[in-house]
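Which chain is which? The protein sequence lines are A and B, in order.
Note that the UniProt record's numbering numbers the first sequence so that position 128 is 128, with each residue one more than the last.
Note that the UniProt record's numbering numbers the second sequence so that position 525 is 525, with each residue one more than the last.
Accuracy of the hints is not assured; some may be wrong.
When chains are identical, the list treats them as one kind, so a pair holds in a single copy or across two.
[Said to hold, decoys possible] With a straight-line cut-off of 25 angstroms between C-alpha atoms, the simulated SDA-like cross-links for lysine to any residue are:
id, residue 1, residue 2
1, Lys-330, Asn-422
2, Lys-549, Val-159
3, Lys-501, Glu-108
4, Lys-501, Thr-66
5, Lys-376, Glu-143
Hints are computed from structural coordinates only; laboratory data are not their basis.
Number of protein chains: 2
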Amino acid sequence: MSEQKIIVVGGSAAGPKAAARAKRLDESADVTLLQKAPELSMASCGYPYYIGGNFDERSALLATPTGVVRDEAFFAAAKGVKARVNTEVTAIDRDNKTVAFTNSATGESGTLPYDKLVLCTGATPRRPPIPGIDLEGVRGLSEMRDADKLRELRDSGQVNNAVIVGGGLIGIEVCEALADSGMKVDVVEMLPQLLLFLDWEIAKLVERHVGSKGVTVHTENGVSEFVGENGKLTGVKLKDGTIIPCEVAVVSIGVVPNVSLAKEAGLEIGVTGAVAVDEHMRTSDPSIYAAGDCVEINNRITGKKAFAPYGDLANLEARVVADNMILGDKAVFPGTINSGICKVFDLSAGSTGLSEKRAIDEGYEVVTATNASMDKPGFMGAKLLVSKMVADAKTGRILGFQCVGPGEVNRQVAEAAMAVMNGNTVWDIGVADLPYAPPFSLAIDHFITTAHILGNKIDGRMAGISNADVKKLVDSGETPFILDVRAPAEFEEMRLGVGEKLIPLGKLRNALDELPQDKDAEIITFCKISMRGYEAQRVLEANGWTNVKVMEGGIMAWPFAIQR
Amino acid sequence: MSEQKIIVVGGSAAGPKAAARAKRLDESADVTLLQKAPELSMASCGYPYYIGGNFDERSALLATPTGVVRDEAFFAAAKGVKARVNTEVTAIDRDNKTVAFTNSATGESGTLPYDKLVLCTGATPRRPPIPGIDLEGVRGLSEMRDADKLRELRDSGQVNNAVIVGGGLIGIEVCEALADSGMKVDVVEMLPQLLLFLDWEIAKLVERHVGSKGVTVHTENGVSEFVGENGKLTGVKLKDGTIIPCEVAVVSIGVVPNVSLAKEAGLEIGVTGAVAVDEHMRTSDPSIYAAGDCVEINNRITGKKAFAPYGDLANLEARVVADNMILGDKAVFPGTINSGICKVFDLSAGSTGLSEKRAIDEGYEVVTATNASMDKPGFMGAKLLVSKMVADAKTGRILGFQCVGPGEVNRQVAEAAMAVMNGNTVWDIGVADLPYAPPFSLAIDHFITTAHILGNKIDGRMAGISNADVKKLVDSGETPFILDVRAPAEFEEMRLGVGEKLIPLGKLRNALDELPQDKDAEIITFCKISMRGYEAQRVLEANGWTNVKVMEGGIMAWPFAIQR
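Next up, chain A with everything else stripped away, as it sits in the complex:
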């Protein structure tokens, strides 16, 4: 364990982490970090917040918490790592254990020997072959210079209209940044929804909120052409023929792993198209490791291979790489459960594990519950959370959890991620001892209540129907008897407006003659969040009705509500 030469290719997230940790584990190691871009260790997840003006100091993206810029000198002095920027690795000679590089600033080129090599080559945004994509004004957001340009456009005040192509996580973050900067923003998404990690009806709540901020969302639509004049973008033409005038378009439709270096060196590429690694993050060459957005890892739930280009995983993977290079291949990276969260204007939206759709696609037999309730007691300034829990129908194991709302989504999704990783069932969570005090949560935490609801469904006590399915019934004209058990004042304030009947829960036991007297008639109950809706279901079933369902999440989770 002495004086081994370690070369790390890539200086964004995984690379610097692997290099610095390796040096900390073995001060005698000779660690070199080769970075193609001019910057090192960029906080690229922060680009949208820089663009949106959340902060003004560009250097904050490139500096330590105490304000020291992470440049070559910093890596040399503080980390003992030889970092070289503007330095692209062009080839790996595995037989002789060398890499070839060229420096785009100085023109220098050469080779460097290694004992261990780490590939952290990252990923590149997809650029679809659409006419006009090379016009000035059509951009991605992956490099510091993209962030610089978009920030410059924001500060210029000269951009009135922007189009975001792609309604995924980064697309939505950039949408908010530009809309907050005063631009009129349109979002174009090929799929029927934004944020594919959410199920459709949860994503619709996000879409409604984005729309309330003046953003126009075009789902099930795509870009057929970027339109321009004199090489400059003037508009985006959609597949349905609509033309949206705009000065800027940001294309954000996912990324592809940068694998050409690995491929040309003959390293194994995985089924997802990213670099294949074993559980120790080692490629098919035992002297070469890989981490970050260029690798393929395991999905911890399905056991299948996954491409999961997230900044947090890049750091954790890189740490495992360093441990294995220096201490022997003992550390294991178990993979991802696809935990994620984002801010969407006044909402947060997060998810972990599998969505219902994804779980069904993977072959699981699932049950789900939707819970719309507050994050704290009302007297503490409660805010709404709408969650959906997905569990395996046979075992009650929690497979996934989504949460959206102005309330504290962060804690909810973190709890759920821990539950999914640990294979907890809805019954495990139903008796969990989580921290409680009124400033922080309800006495029964929202996450626990969601598990209770799902437990009631699995045990056959609660028959639920999703609001999406209720909407379908209504749209088809087959409207069943819909029973709103809220108070009259709540009904005045907001209602479904689909012909529902109002009987407050407290009056229900004495108003059974106002219900369909055919005891097999379909009745759908709901309230604000469908807790009272569930109580109404229990009352009706006890009185002989056989086909009563609760509209899950109540009116607060209904994306089509009429507000008065």
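Following the hints, complete the assembly by docking chain B onto the known chain A.
Positioned in the frame of chain A, the structure of chain B alone reads:
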């Protein structure tokens, strides 16, 4: 399973939950809820926030989220539960399965038959036998009328000085409420620290913050006498002779379970003095269940019996009781891990599992790590978190976690609670996939970083020393060589002031001759949060020094720092 008579004794938290859930599970059940107090289903955890003026509507403590007061009529109409207030149960006749009651408002008394009985008799604040405790102005905080009285005193503007006796969770919440109302507050605590669920050095950070708000904290002190004139409190005399003039004293030194009813009925009382129940929450009489602040449950970590009077557990226990009464004794309540959290002015303080002290008392061989770092990236308005993780030295299993700071403590403690419940090790958490985006967390979440630090310690790579132990060394005059590796500007802003030497990390490799040349000399390194301190340790060890320790948590966790 039909028309069984269920009587629930106690109408605060556990009682209403057990009654309502039992009725939902079996509409044919005849459920009666007997409540000694005039109110039902009080949100008693909210009392400090009502007293402190966080909200003004007293009814919010007694009403549903939609504003319906939970009175007898509400329970009858919405829950199908016959609730009776002002109704104290005075005896249980187990042979004949009846309870005797008296109504303090009407004078009515009688007996009621039951098939199943649930005891949710709660707990009563300790009232120490101190001279003057019955003076007007000496109060507890357990009933609605206590909250009413303290709120009235606040609103009167006539109280200038208040003394809180007891620096536990409720004491601190009331302290904040009264201080926020403009009173000068003193807190008196017999132990050497506030908030006993925290270890001493973490509690000192809270104490410093409380002090910064103008509150005087007297630790290792007690009340010898409540002093008064004409039956009214005028001051509190401490054991050390100090007299604190005050118009109000709130005594909050813990609660004792109300077990007299159970005891007189011959039910088994547990080792903690609370009602003994099995894992199904059933007492020694199979027809009688118990839940809430009157019962004894399991500690899930130690396996020992615990008295854990928390509002969230009361609700979860009561749900298990209802399930078992109606569906047969299948549901299990596994117990507590002592998760808790509270707001302390601008800080939050939370804990789950065992503190270091508690773990050692329980016979564990433990390792701990302290981590002071931010909750989010600096450019997102980061706030500090100071955490301490306690793990079993043999297995790395996380036994406990404490977190204090202005940052988002809530998510951290919730994650830790899930880890402790699941028996996760520091290595499990070191590769956890938790939700990340800059508005919500660091790329490597604070909780994960804490596990990394502790893993480094267990693996022998990092030798830590607590700030408490450094302070002891300094106070004893045996000051070792203390090395601050921060930047000069940071040193100017805040320093330990104990003769430490400043060598910024980036200069360290070229300044080794400024260190003690005896390679066995004790050197203690630190920085702002001791991440750089750890890097410095690695550098020094690689250069032959053998006795280098990192002061954990850095200067941000040092409660004795000199601010300039």
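When no copy is specified for Lys-376 and Glu-143, does a C-alpha distance of 25 angstroms or less occur within a copy, between copies, both, or neither?
So Lys-376 and Glu-143 pass the 25 angstroms test across copies only (22 angstroms; inside, 40 angstroms).
Given identical chains, is Lys-549 near Val-159, meaning Cα to Cα at most 25 angstroms, within a copy, between copies, both, or neither?
neither (50 angstroms within a copy, 55 angstroms between copies)
How would you label the pair Lys-330, Asn-422 (within, between, both, or neither) given a Cα cut-off of 25 angstroms?
For Lys-330 and Asn-422, both the intra-copy (21 angstroms) and inter-copy (23 angstroms) Cα distances are at most 25 angstroms.
Within, between, both or neither, where Lys-501 and Glu-108 count as close if Cα-Cα is 25 angstroms or less
neither (78 angstroms within a copy, 42 angstroms between copies)
Can you give me the call for Lys-501 and Thr-66, within, between, both or neither, at a CA distance of at most 25 angstroms?
Only across copies: Lys-501 and Thr-66 sit 19 angstroms apart there, 61 angstroms inside one copy, limit 25 angstroms.
The structure shown violates the earlier hints numbered 2, 3.
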